[in-house]
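2 protein chains.
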Amino acid sequence: MKKKKIYEGKIIGLNLYDLTIEKRKVRREIIEHPGAAAIIAFDEKGKIILVQQHRFGHGYILEIPAGTLEKGEKPIDTAYREIVEETGYEAKKMTKLISFFPSVGYNTEEIHVFVASGLKKKFELDLDNDEFISVVKMDLKKLIGMIKAGKITDSKTICAVMVYAAKKKLL
Amino acid sequence: MKKKKIYEGKIIGLNLYDLTIEKRKVRREIIEHPGAAAIIAFDEKGKIILVQQHRFGHGYILEIPAGTLEKGEKPIDTAYREIVEETGYEAKKMTKLISFFPSVGYNTEEIHVFVASGLKKKFELDLDNDEFISVVKMDLKKLIGMIKAGKITDSKTICAVMVYAAKKKLL
Numbered sequence: 761m762k763k764k765k766i767y768e769g770k771i772i773g774l775n776l777y778d779l780t781i782e783k784r785k786v787r788r789e790i791i792e793h794p795g796a797a798a799i800i801a802f803d804e805k806g807k808i809i810l811v812q813q814h815r816f817g818h819g820y821i822l823e824i825p826a827g828t829l830e831k832g833e834k835p836i837d838t839a840y841r842e843i844v845e846e847t848g849y850e851a852k853k854m855t856k857l858i859s860f861f862p863s864v865g866y867n868t869e870e871i872h873v874f875v876a877s878g879l880k881k882k883f884e885l886d887l888d889n890d891e892f893i894s895v896v897k898m899d900l901k902k903l904i905g906m907i908k909a910g911k912i913t914d915s916k917t918i919c920a921v922m923v924y925a926a927k928k929k930l931l
Numbered sequence: 761m762k763k764k765k766i767y768e769g770k771i772i773g774l775n776l777y778d779l780t781i782e783k784r785k786v787r788r789e790i791i792e793h794p795g796a797a798a799i800i801a802f803d804e805k806g807k808i809i810l811v812q813q814h815r816f817g818h819g820y821i822l823e824i825p826a827g828t829l830e831k832g833e834k835p836i837d838t839a840y841r842e843i844v845e846e847t848g849y850e851a852k853k854m855t856k857l858i859s860f861f862p863s864v865g866y867n868t869e870e871i872h873v874f875v876a877s878g879l880k881k882k883f884e885l886d887l888d889n890d891e892f893i894s895v896v897k898m899d900l901k902k903l904i905g906m907i908k909a910g911k912i913t914d915s916k917t918i919c920a921v922m923v924y925a926a927k928k929k930l931l
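Chains as they are written, first to last, in this note's numbering: chain F, 761 to 931; chain R, 761 to 931.
Hints should not be assumed to be uniformly reliable.
Where chains are identical, the list cannot tell them apart; a pair therefore holds if satisfied intra-copy or between any two copies.
To be verified - Calculated cross-link-like contacts (lysine-lysine; reagent style DSBU-like; alpha-carbon spacing at most 35 Å): (1) K852 - K762; (2) K770 - K834; (3) K853 - K881; (4) K911 - K852; (5) K834 - K880; (6) K902 - K882; (7) K762 - K831; (8) K928 - K902; (9) K785 - K882; (10) K783 - K880.
Simulated from the structure, these hints should not be mistaken for lab results. Only a predicted model underlies this, so the values are computations on that prediction, with no experimental measurement involved.
Chain F extracted, bound-state conformation (with noise of 0.2 Å):
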């Protein structure tokens, strides 16, 4: 296998594998990119937590709290930090949902989930500079309306609260 690197910036990077798979040789165009943690969490109302903010070449996107693993940071570590970061909650425990891959063909994020509970709001928003958030609360029902409708387009979101109502039979 030749690996040869086109771009390593902020969040993820870019490389071009030449490899043998079944004896053909093919060539894989790679983003390399360390990974999330997303959080579904509900206030002390039972409302779900989401958080609506601008995504290049999108607009203004609804989605759950989610952020990039730092380095050598656990998943379920940057759950704590970013239910914090985004929503100003505080989290008692995080249980795994699921782990996905967002785009299997050409990326190596993987994406894990949790749900998070024993909520309480501690602290104002502590956005980097460039983030631009709002959060938004709503009733589980109206999300999962909204998803079958087409209106959340997050694909993480739409993963992560559709396993979460499955199981808990709220579909």
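Position chain R relative to chain F; hints supplied.
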């Protein structure tokens, strides 16, 4: 907005954008992707048609059939083309289910999901030289069980199957 082109390849490109959002200067690392279509399809016996294929860094992954939009191609035409190429089945009709973004933060890709109907096995597989695919058929119920158990790791498959099953009240 300033754009710097880093790479333009076979499937993806990479650009850096320096832009101003709400008066703050930010840089975005953006993967440019033409978009894709994915298909929910059932064979004559009512089993869902999946493909198992080798994915760089992830091994062999079980997915719904899907493929990248060719230049100027409409998503629905990609769906009609890919179901034949990847599974050998021809579909009479494609009905739009949902569209979503696999990685809202740094990737322009949008995946359009269609539900195929009127399927007929017509062709042998017509794979590209760098594709390694085998067809797997299973009961939708079994697939939903695998998704809930965390055994399906491809996000487009999770999104498409769970939204389809929820709309059909199969969960």
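A quick look at each hint next to the structure:
1. Proximity of K852 to K762 under the C-alpha cut-off of 35 Å is found in neither arrangement, the shortest distances being 45 Å within a copy and 43 Å between copies.
2. Proximity of K770 and K834 under a CA criterion of 35 Å is satisfied in both settings, with 19 Å inside one chain copy and 34 Å between copies.
3. In this homomeric assembly, K853 and K881 come within 35 Å of each other (Cα to Cα) only inside a single copy, at 14 Å, whereas the closest approach across copies is 50 Å.
4. Taking the closest pair of Cα atoms, K911 and K852 come within 35 Å of each other both inside a single copy (31 Å) and across two copies (27 Å).
5. Proximity of K834 to K880 under the C-alpha cut-off of 35 Å is restricted to the intra-copy arrangement: shortest distance 22 Å within a copy versus 47 Å between copies.
6. Taking the shortest alpha-carbon separations for K902 and K882, only the intra-copy value of 26 Å comes in at or below 35 Å, while the best inter-copy value is 42 Å.
7. Taking identical chains as interchangeable, the C-alpha atoms of K762 and K831 lie at most 35 Å apart whether they share a chain (25 Å) or sit on different chains (29 Å).
8. In this assembly of identical chains, K928 and K902 lie within 35 Å of each other by CA distance both inside one copy and across copies; the values are 16 Å within and 18 Å between.
9. Taking the closest pair of Cα atoms, K785 and K882 come within 35 Å of each other only across two copies (29 Å); inside a single copy the shortest separation is 55 Å, beyond that limit.
10. Taking the closest pair of Cα atoms, K783 and K880 come within 35 Å of each other only across two copies (32 Å); inside a single copy the shortest separation is 56 Å, beyond that limit.
The structure is inconsistent with hint 1 alone, although it conforms to all the rest.
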